[in-house]
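Chemist: So you can see what is in the structure, the chains are spelled out below.
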Amino acid sequence: MSALAIFQSLTLSHGPTPISTGIGIHVPRATLTELTGGVSSGRTAVMLSLLQQVTRQEEFCVLVDVQDTFDPASGAAAGIELSRLLWVRCGGNVDHALKATDLLVRAGGFGMVMLDVSGTSAAALRRIPIATWFRLRHGAEHNGAALVVTGERVGAGSSAKLQLGVRQKEILWSAKLLRGIRSIAESTKRGGPAGVCFDSRSR
Amino acid sequence: MFASIHAPGNLPILLDCARRFSPLIEITSPDTVTFDIRGLSRVYGEPGKIARAIERLIGMPAHIAIAANPDTAVCAARGIAGTCVIASGEEGRTLSALSLHLLGCPQAMGELFDLWGIRTFGQFAALPAAGVAARLGEEGVHWQQVARGSARRQLRLMEEKVAYSREMELEDPIPLLEPLFFLLARFLLELCTELTARSLATNEIRLRLTLEKEAEHAEHLVTLRLPAPMVDQKALLKLLELELQVRPPGAAIRKIQLTAEPVKPRVVQEDFFAPAYPSQEKIEVTIARIRHFVGAGNIGSPQVLDTHRPDGFVMGPLADARVSAQNTHSSVSGVRLAFRRFRPPQTAHVITKQQPVHIMSAVARGAVGVAKGPWFTSGNWWRTDVWNREEWDIALRSGALYRIFRDLRTETWFVEGNYD
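Which chain is which? The protein sequence lines are A and B, in order. Just so it is clear: in the first sequence, position 114 is 114 by our numbering, and no numbers are missing. Just so it is clear: in the second sequence, position 404 is 404 by our numbering, and no numbers are missing.
Take the hints with a grain of salt, since some may be wrong.
Claimed, not checked - Cross-link-like lysine to aspartate or glutamate pairs, in silico, DMTMM-like; alpha carbons within 25 Å at most: (1) A/K176 to B/D407; (2) A/K176 to B/E390; (3) B/K372 to A/D199; (4) B/K255 to B/D172; (5) B/K264 to B/D36; (6) A/K176 to B/D311; (7) A/K99 to B/E241; (8) A/K99 to B/E281; (9) B/K282 to A/D199; (10) B/K282 to A/D102; (11) A/K99 to B/E390; (12) A/K176 to B/E411; (13) B/K234 to A/E58.
To be verified - Covered stretches of chain A (in silico footprint by chain B; criterion: 3 or more residues with CB under 8 Å from a CB of chain B, positions within the stretch not fixed): (14) 92-100; (15) 159-173.
Don't read these hints as lab results, they were simulated from the structure. Ideal placement from N, C-alpha and C gives every residue a C-beta, glycine not left out.
Construct all of the structure, not just a fragment, from the sequences and the given hints.
Modeler: Quick look at the structure:
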């Protein structure tokens, strides 16, 4: 090995380290990521896995929950350190959710800010101006937080650096139990990571 | 070095003077104050100059003594008129002529000295230490060391009980919040400056507003309990503003009283390699702002309750970064099946043939492909929040997975949530 190659191998990596989703795909920090998927696609499992990865690294994270559907028991079972999770329940009000996300992204100090718009109508999401997504992304870039917007559909468009889509492949049953869901996660944007098949299991 | 000032009947002036020189002050007696002047030579020069500075500042007749130990300074201030600076090693000689009643020893011991014919410090100091110990014990030895000027002790520092409070009675009642915030900003600035000067912070702010006589309630109270001590005037003002905007006083304000509870500030050792966490002051203000529009119970950190009751959790405060960093453990590996909960559960019409075969509700509709169950769960039969239900996991033909349940008390079906 040449001296230059040794030197390069010893050089410390710099910049913010991406967050693992637990399925072999990494979510970049300091930008906006879109995570989409239909009902029972395995998207929420990826979302909880991301929150678990962040809290496991002793970082604080935020979940802005538009429709108030997060289940703390499910989160705890997924390994999320709930004491490091700030949960904002917006009772279906998208405007409140966007305002809270903006404030929290700009407050700084959080490893991840997750905006969950699941269950919100397409019409309500279409009404969100593209400038709002740009503003949120700019806040994330400024403070270094990974901003993840998740839902059946999001519409952040070009503001999202990474767009991940999750779809169900099959449901895993045992004799009398639901064992889990086999899903496929793939980038819906050109040049993104290759598709990954993963299982989200109940135990 | 220690300085002692003696002036009968002028304790507040003596204390005020001592505070200008040192934070380490002992109220030796109601007419004597002793304080630590070590390190002041860099500011004033030799001890004689410090004594003159004290003399100038006090502005009234007082006896001032400076010595290497507190007891010598106290005895000299009580017994020697004017200003007296005792060099190290000269203590015994300087004190020797003083009357023994200035020593401050217990009355019984003083009477004994009278019987023995011992009248001055010098006479007592000249007695053999072993003989004093045999006759007067350990206490006698201590007082002899004081008389010799060789006793060593720490100052018994006074504890000042300062009330961090501001109040103002207004000539004209103020009906608007804006002028109130203006006054609160001033009060908070003063309180925060005082707290900072004493290396303190606050974890509780109490605002008492006395309202006009015609008002329904005579007073309006606002209490801010902070999870971590802070002294940031702007953050505290913002928190008060948000609280008052949510819960404004019902009438014009006649009197304002603002009190800050003093506590020791939070000291955090920052770590270059530790992950960043939100600044406590900033996050408190941000949470208060969000609470303002989402509601008080809708922001916080969820805590799962130790119960089998469905959806058993409470909202608590976000963990303290330091405490939280100590209990990092997560043995979970891989991706876990997640559950999304509908709050409240959605009522459904379910057709059953020994098991659910078709469901109709606002969130799930269609033929059931697979149904696994039933599982029965019940609890809290002795309370009002009793539950008794039959649960099923169902998969619709579309692939959507739901948990549904039948309330066995009302025979009503609900969709509790979906697996995702």
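Chemist: Does each hint fit the structure? Answer for all of them.
Modeler: So, going through the hints one by one against the coordinates:
1. A/K176 to B/D407: Satisfied, since the Cα-Cα distance of roughly 21 Å is no more than 25 Å.
2. A/K176 to B/E390: With a Cα-Cα distance of about 15 Å, the restraint between A/K176 and B/E390 holds, given a limit of 25 Å.
3. B/K372 to A/D199: Answer holds: B/K372 to A/D199 is near 20 Å, not above 25 Å.
4. B/K255 to B/D172: holds (10 Å)
5. B/K264 to B/D36: holds (23 Å)
6. A/K176 to B/D311: Holds, at roughly 23 Å.
7. A/K99 to B/E241: Judged against 25 Å, a Cα distance of about 19 Å means the pair holds.
8. A/K99 to B/E281: holds (20 Å)
9. B/K282 to A/D199: violated (39 Å)
10. B/K282 to A/D102: holds (14 Å)
11. A/K99 to B/E390: violated (40 Å)
12. A/K176 to B/E411: holds (24 Å)
13. B/K234 to A/E58: With Cα atoms ~29 Å apart, B/K234 and A/E58 exceed 25 Å; violated.
14. 92-100: holds (count 4)
15. 159-173: holds (count 3)
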